[in-house]
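Undergrad: Please put together the full structure from these sequences, using the hints given.
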Amino acid sequence: MKILVTVKLVPDTNADKRIDPATKRLVRTGVETVLNPFDEYAIEAALQLKEKLGGDSTVTIVTMAPDTGKEVVRKALAMGADDAVLVSDPGCAGSDVYGTACALAAAIKKTGFDLVLCGTQSTDAITGELPGALAEFLGVPGLTYVRKFEVEGTTVKAERETDNGYLKVSVGLPALVSVTKSINEPRYPSLKGIMGAKKKTIAPLTLADLALDRPIGTAGAKTELISLADPPPRGKGKVVEVADAAEGARVIVEFLREKKLL
Amino acid sequence: MREVIVFIEHTGEKPRRVALENATKAREIAGALGGGVHAVVLGKGAAAVAEQLKAYPIDKIHLAEDPEVDAFVIDPQVDYLEAVAKAAGPSLILVPYTMIGRDVGSRLAARLGAGVTADVVDLAASDGRMNCISPKLGGLTITTCTFKSEYGVAAIRPNSFKAVPGSGAGEVVQLAKPPGKTYAMKVEGEVVEAAGELGVEESSVVVSGGRGLGGPEPFKTILKDLADALGGAVGASRAAVDAGWIPHSHQVGQTGKTISPQLYIAVGISGAIQHKVGMRTSGTIVAINKDGSVPIGEFADLLVVGDAFQIVPELTKAIKSIAATHA
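Same order as they appear, the protein sequences are chains A and B.
If you use my numbering, the first sequence corresponds to residues 1 to 262, in order.
If you use my numbering, the second sequence corresponds to residues 1001 to 1327, in order.
What the hints contain is simulated information worked out from the structure, not anything from laboratory work.
Hints may be right or wrong, so weigh each one.
[To be verified] Dumping the calculated DSS-like pairs for lysine-lysine here, alpha-carbon to alpha-carbon at most 25 Å:
no. : chain 1 : residue 1 : chain 2 : residue 2
1   : A       : Lys17     : B       : Lys1136
2   : A       : Lys157    : B       : Lys1044
3   : A       : Lys259    : B       : Lys1320
4   : A       : Lys168    : B       : Lys1014
5   : A       : Lys70     : A       : Lys199
6   : A       : Lys148    : B       : Lys1220
7   : B       : Lys1186   : A       : Lys260
8   : A       : Lys259    : B       : Lys1162
9   : B       : Lys1014   : B       : Lys1054
10  : A       : Lys168    : A       : Lys148
11  : A       : Lys260    : B       : Lys1320
12  : B       : Lys1186   : A       : Lys157
13  : B       : Lys1317   : A       : Lys238
14  : A       : Lys2      : A       : Lys236
15  : B       : Lys1181   : A       : Lys109
16  : A       : Lys157    : B       : Lys1220
17  : B       : Lys1162   : A       : Lys260
18  : B       : Lys1014   : A       : Lys259
19  : A       : Lys200    : A       : Lys70
20  : A       : Lys192    : A       : Lys260
21  : A       : Lys52     : A       : Lys192
22  : A       : Lys17     : A       : Lys199
23  : B       : Lys1044   : A       : Lys168
TA: Here you go:
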């Protein structure tokens, strides 16, 4: 089975990020680029599936990023993926969800696939819109928010999260599945994995290779960023040390009444 | 774009509140664009929901109580919405920023060649442009985006607008089944783990617990009781979810949900950046922690320093007695 995993490179989740007021861009200095944490669950799910199926199953990482993203992609390879496809082209800059999904779909079709696995969202843009759009461009079912799945023959049987439980869903391959963080605990790359990843192939693809039928990047974007603004400040409030539970409850009740919340 | 189409997500015969919030806002936007407000309600319970929608300022309520909508995931809903959108012409389509809404919205946008904006907390039509306002990078910056496409899809964060009844034509239109479609993602069954609870995304009050609670029990007892007393939902920090104390669907923060309830009560949560980005836009933030120097003290409106295990039940009791006096 040919398993593909889409990944995104994002600024480090735990770094306290800031916007440069002059350039209106994220200050990248001192902020490391990492694999989108949500995508690590998809990589882990792919590796577990490959291990279970055995035989000639493969796991390929697909991403769109500048050439400098190669080293981050190697982390996914160090976890155990077989190879990677990197869509890298100056024409990709400024792509929105539409353009990104369009280019990734072309790269995925060109590579060939039975199952595409995605994380649910990225930690920078947090749109959560990529898996659905990608499934649409691939012309396959897009089964999202999956917390557990297995593949029986050519059928995926999955649990799809709902607000108060889950749906049991089945779908035939080829398909796209996005997984939530409930699905597994991503592995850390082993030393052997890290060494082995250096020899694995990261195949570059340009937009010319993909022969898209429409422009992407800034020219093809369906949305445009007009402006950035600072959020309304949220200052330090009251800090009250209380002697006992009764005082604690009273302080909170009075505060909520003051705010007209009770 | 001229028309405004509102996708009505519902649970059985009950519309989700975010759907009514969006329908209310749609009236204002449609007024500015010079078009009408359409609602689309699909699947089991749709007819009953349509009746309730008549109390809101909607011109046309498009309805299909088609069993396939519930038998298959997402795709039938996208097909119906596509049909309504194409018949209405260039339009702004509002979906809730929920699991279902994101899916429906993203597939629809790709199909219509439309731009999609996500986690939108405000909308404004100005100079022929449709502006969508969304916090990005965990609320670090507030972006204003517009569409460069004929159609636009905006996924609206629950609790962004007020749901206000109002008058509209309220004409109910039965939708024809989109022809020639077959569906693949078959629903084999549904398992309800927490019946009757409103999710953390939509509740106007969220009571969240963190590492300080020490185990799964307090989430089911003291936090649940307080949330119930306030008519709210139980949330959690990453630490609590990673420890397996509560399912991921309750997680608030960067790798969980981003929410804006009117009131957020953080119990035993230190307020690391990871958590902060998921709840910093809440109306009022109250924290209860045994440590007065936790980071949440820097942005909570009130930090009560004390023993949460004692304070929370006492607070629940006080709120219940207030509710009883008012009843």
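Undergrad: Next, verify each hint and record whether it holds.
TA: Now for the hints, and whether the structure bears them out:
Distance hint between A/Lys17 and B/Lys1136 is fulfilled; the C-alpha atoms sit about 11 Å from each other, no more than 25 Å. With a C-alpha separation of about 24 Å, the suggested pairing of A/Lys157 with B/Lys1044 holds against the 25 Å cut-off. Taking the CA atoms of A/Lys259 and B/Lys1320, the gap is near 18 Å; set against the 25 Å cutoff, the hint holds. Among the hinted pairs, A/Lys168 with B/Lys1014 is consistent with the structure: their alpha-carbon atoms are about 22 Å apart, no more than 25 Å.
Restraint check for A/Lys70 and A/Lys199: satisfied, since their Cα atoms lie roughly 13 Å apart, inside the 25 Å limit. Under the criterion of a C-alpha separation no larger than 25 Å, the hint pairing A/Lys148 with B/Lys1220 is consistent with the structure, at around 24 Å. Proximity of B/Lys1186 to A/Lys260 is assessed by CA-CA distance (about 47 Å); at most 25 Å being required, the pair is judged violated. This hinted pair checks out: A/Lys259 and B/Lys1162 have alpha carbons roughly 18 Å apart, not beyond 25 Å.
A distance of roughly 13 Å separates the Cα atoms of B/Lys1014 and B/Lys1054; the hinted pair therefore holds under the 25 Å criterion. Proposed proximity of A/Lys168 and A/Lys148 is supported: the alpha carbons are some 10 Å apart, at most 25 Å. Between A/Lys260 and B/Lys1320 the CA atoms are separated by roughly 16 Å; this keeps the pair inside 25 Å, and the hint holds. For a cut-off of 25 Å, the pair hint linking B/Lys1186 to A/Lys157 stands: about 10 Å separates their Cα positions.
In summary, the hint linking B/Lys1317 to A/Lys238 is supported, as the alpha carbons are separated by about 23 Å, within the 25 Å threshold. Pair hint A/Lys2 plus A/Lys236 does not hold up; C-alpha atoms about 52 Å apart against a cutoff of 25 Å. Simply put, B/Lys1181 and A/Lys109 have alpha-carbon atoms about 23 Å apart, close enough for the 25 Å limit, and the pair holds. For the hint linking A/Lys157 to B/Lys1220, the alpha-carbon distance of about 30 Å lies beyond 25 Å, and the restraint is violated.
Taking the CA atoms of B/Lys1162 and A/Lys260, the gap is near 17 Å; set against the 25 Å cutoff, the hint holds. The suggested pairing of B/Lys1014 with A/Lys259 is violated, with an alpha-carbon distance near 30 Å, which exceeds 25 Å. In summary, the hint linking A/Lys200 to A/Lys70 is supported, as the alpha carbons are separated by about 11 Å, within the 25 Å threshold. At roughly 60 Å between alpha-carbon atoms, A/Lys192 and A/Lys260 are farther apart than 25 Å, so this suggested pair is violated.
The suggested pairing of A/Lys52 with A/Lys192 holds, with an alpha-carbon distance near 21 Å, which does not exceed 25 Å. Only pairs whose Cα atoms come within 25 Å are accepted, and A/Lys17 paired with A/Lys199 is rejected, the gap being roughly 34 Å. For the given pair, B/Lys1044 sits about 18 Å from A/Lys168 by alpha-carbon distance, which is consistent with the 25 Å threshold.
Of the numbered hints given earlier, the model fails hints 7, 14, 16, 18, 20, 22; all others are met.
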